[in-house]
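If you're matching them up, the sequences are chains X and R in order.
No gaps in the numbering here: position 74 of the first sequence is 74 in the numbering used here, and each next residue is one more.
No gaps in the numbering here: position 470 of the second sequence is 470 in the numbering used here, and each next residue is one more.
Keep in mind that the hints were calculated from the coordinates and are not lab data.
Take the hints with a grain of salt, since some may be wrong.
Restricting the straight-line Cα-Cα distance to at most 30 Å, the calculated cross-link-like pairs of lysine-lysine (DSS-like) are [what the hints assert, rightly or not]: (1) X/K9 with R/K212; (2) X/K70 with R/K38; (3) R/K354 with R/K313; (4) X/K155 with R/K257; (5) R/K376 with R/K212; (6) R/K3 with R/K15; (7) X/K155 with R/K313.
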Amino acid sequence: MTDNEIKAKLRQSAEEGFRALFDEYWSYCYTIVFSVLRGVGSQSDIEDCTSDVISDVAMNYNLMHEGSLKAYIGTSAKRRAIDIKRSLVSHTSKNVPLEDDLSSSLPSADNIEAQTENAELSEMLLARISSLGEPDASIIIHKFFYEHNSSETAKILGMNPITVRSRLRRALKKLKSLLADLDITL
Amino acid sequence: MKKNISDILHRAGDKTIENIADNYTAADKKTAQRIYAKSLEKMNLSPENSETFVAERVSRSPVLRPILIVAACMFVVGGAVFGLLKMNAPSPKPYVEEPVVVATATTVTGTDTVTAEDADTTETTAVNEEKSEDTGTKKVQTTSTKADITVKMAGNAKTTDAAKTNTTKANASTKRTNKTTAKTATAAKTSVTSAVKTKSMTLAEIEEWEDKHWACLMVRERAILSGEISADSPRVTLAQVKQFIAESSNFDEIYRKIRTVQPYYDVNGGSGVNLIEYWVSGSRNDIVMVCPEGKTITHITCTDGDIYGNTAKTEELYTEKAVTKQPTVEKPEYAGVITTEEVLNIAKNSNYLKMEDFRKYCSYSNYYDNSHMKFKISDRDNWYLNISANYDGSIAVCSLVDNVGHNSVDIHVTQYQQVLDLVNDWTLTEAIIAAPTAGTITLDDVVRLHNEKGEDLDPSDFSPYLNRTFISNKSDVMKFRVINGATYRVSKENVVYLTLVPGYGRPLISAFLHNADMSLSTDILNTINPNGDYKTEFDLLMALNSEKPWFVE
Chain X
1 MTDNEIKAKL
11 RQSAEEGFRA
21 LFDEYWSYCY
31 TIVFSVLRGV
41 GSQSDIEDCT
51 SDVISDVAMN
61 YNLMHEGSLK
71 AYIGTSAKRR
81 AIDIKRSLVS
91 HTSKNVPLED
101 DLSSSLPSAD
111 NIEAQTENAE
121 LSEMLLARIS
131 SLGEPDASII
141 IHKFFYEHNS
151 SETAKILGMN
161 PITVRSRLRR
171 ALKKLKSLLA
181 DLDITL
Chain R
1 MKKNISDILH
11 RAGDKTIENI
21 ADNYTAADKK
31 TAQRIYAKSL
41 EKMNLSPENS
51 ETFVAERVSR
61 SPVLRPILIV
71 AACMFVVGGA
81 VFGLLKMNAP
91 SPKPYVEEPV
101 VVATATTVTG
111 TDTVTAEDAD
121 TTETTAVNEE
131 KSEDTGTKKV
141 QTTSTKADIT
151 VKMAGNAKTT
161 DAAKTNTTKA
171 NASTKRTNKT
181 TAKTATAAKT
191 SVTSAVKTKS
201 MTLAEIEEWE
211 DKHWACLMVR
221 ERAILSGEIS
231 ADSPRVTLAQ
241 VKQFIAESSN
251 FDEIYRKIRT
261 VQPYYDVNGG
271 SGVNLIEYWV
281 SGSRNDIVMV
291 CPEGKTITHI
301 TCTDGDIYGN
311 TAKTEELYTE
321 KAVTKQPTVE
331 KPEYAGVITT
341 EEVLNIAKNS
351 NYLKMEDFRK
361 YCSYSNYYDN
371 SHMKFKISDR
381 DNWYLNISAN
391 YDGSIAVCSL
401 VDNVGHNSVD
411 IHVTQYQQVL
421 DLVNDWTLTE
431 AIIAAPTAGT
441 ITLDDVVRLH
451 NEKGEDLDPS
461 DFSPYLNRTF
471 ISNKSDVMKF
481 RVINGATYRV
491 SKENVVYLTL
501 VPGYGRPLIS
511 AFLHNADMSL
521 STDILNTINP
531 NGDYKTEFDL
541 LMALNSEKPW
551 FVE
């Protein structure tokens, strides 16, 4: 469903519009939130943040705005997740190291270089993973990015856990050879 | 320094995250539903068919807070201590008075035939698996003489207090020479149990086996390993499979019954098709192989575990009966093809036509139908000949049909000349409709040329009106589009054309105005009444005062 169709639905009926918006972008929003809150927030925090973002977009997005809904959701999700991350960190530890707090706002030249290198490397890695084809690529992503176990991955992909395990094993073998030149270990 | 995949993905750039977010589903449906419900709650929209839970805030007095914390800590510590105590002191099992008999031996003397009554001594070895505080295991050995009577006869039977040692030993003093000893060993209940116990494979063993056997997956062993089934969960037997085959009507039913007995098959192999292996005797030396795609069930035995090797013997238990379907021959739309010349020849002798006369025009012998046939006219577009038989087999209808002009003529009852005229007429009509436009001419010029030249109208008179790009394709007709002139304006209802038909006896056979589908036409060349006032059809129409000619506005 296109952005315009979702906007049209939101204009006609809040519920139907929200359903369409949710179906189209919940996974996208969840992933962005997950990438920020991983290791800091719980599963519930991630879900709360995702629902916050989507409901906020459904209620407050200017439907006359011509811009991309996806970009808006992506930006909102990232900012909201960062806010929640700060809040969670401040609640769990009273003393936040100064360098941690400044690291995001004042990146050093080394950081920028490392980040750029990492971004490039991650893009190449994702491309190699994608080249495995489906469902192997999905299984690898769920294993290493979402950190799901075989049963969870099987539920999401609608497969048998045993099949997921065996495919993962074979996919890892293939991936190992694909990553040989990138100096990446499994 | 090497990096691993997790680290790279966890520190991935925005673009990579975007790609992952775009291309991969993040979580399962339940998570999505939870997020959806939370979102609706935030928007104050209650989802249909779902329950709404209202959580009330629990308020506590600040004074009670430290007390509650202390109580909670004590509860946790107490729980932990209790748990540890429970782990260290398992509840003692009740003492088993009766030892489990694992073997007996009987000694018989002085007789050739061994009977229970002749037995001098009966030795019984028993093992009682009872944990004691010191040793953990206590062995009890009992040797008794010929029942109670022998013990009494011997007199020196030594009996120790059974309650303390649980051991009784009695020896008969009157043992004779030339003893014949018969020993009987009885397997005890406990040993049977240990024999049945199945050894499950480790993950390394499974993977090693799978690596050795290409495209094979040990489904059952993996299920055992993951705890989905127990190691001694039942296997389907060969007898059961044969019974299922005997009592079932189709493959699906048989396969369903097999899966009911053993949901986790031993091996899923095969490439392209699934070859499901059920190890009916627990090893790969005796298997039932099911191929759901091929709908076959096969019993394979071998001696070396290689079901595809030289020692393998195959017995086909079930195969889907190959149904030989009679190919359905669809009756073609056209029985054959025929030319217009052949049709005209038939028209010459149409009075005595029979269906049999058309057999030779059928493309294949089985296309012949003595009730109705349709032939395609090969040298015309979309013309066909329709033939239907009368009740006595003679021809009832034999109509030539022009599919473009929706015209038809029954050549069976129409005279040959009339058929020929119609064929020519239809052919000309088709040719004119299909002809490209050669040029444009005003209606004023048409009238002028008609008045000036009359029957001597020549194709060269129209050369000034030809399009520069017009290239004659050696067509017999030349078609001009008639447009408005200064005096005469063309009808708005009809597109008007002037078509010239060149002839050999005179410059033109015909020249006439017509509309697009030839439903309206007016001849401007041939006289309709040589003795009358009006020479041509065109003159007549132009002279009529009562109504306007169809081509004039």
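Next on the checklist: Hint check: X/K9 vs R/K212, CA-CA at most 30 Å. Holds or violated?
Outcome noted: Not OK: X/K9 and R/K212 at ~57 Å, beyond 30 Å, violated.
Checklist entry - Is the Cα-Cα distance between R/K376 and R/K212 30 Å or less? => result Distance of about 65 Å is beyond 30 Å: violated.
Checklist entry - Are X/K155 and R/K313 close enough, with their CA atoms no more than 30 Å apart? => result violated, 41 Å
Item to check | Straight-line alpha-carbon gap X/K155 to R/K257, limit 30 Å | outcome: Given that 30 Å is the threshold and the Cα spacing comes to 27 Å, the pair holds.
Next on the checklist: Between the alpha carbons of R/K3 and R/K15, is the straight-line distance 30 Å or under?
Outcome noted: With a Cα-Cα distance of about 19 Å, the restraint between R/K3 and R/K15 holds, given a limit of 30 Å.
Next on the checklist: Check the hint pairing R/K354 with R/K313 against an upper bound of 30 Å on the C-alpha distance.
Outcome noted: violated, 66 Å
Item to check | Agreement of X/K70 and R/K38 with the hint, judged by alpha carbon distance not exceeding 30 Å | outcome: holds, 21 Å
Hints 1, 3, 5, 7 from the earlier list are contradicted by this structure; the remaining hints agree with it.
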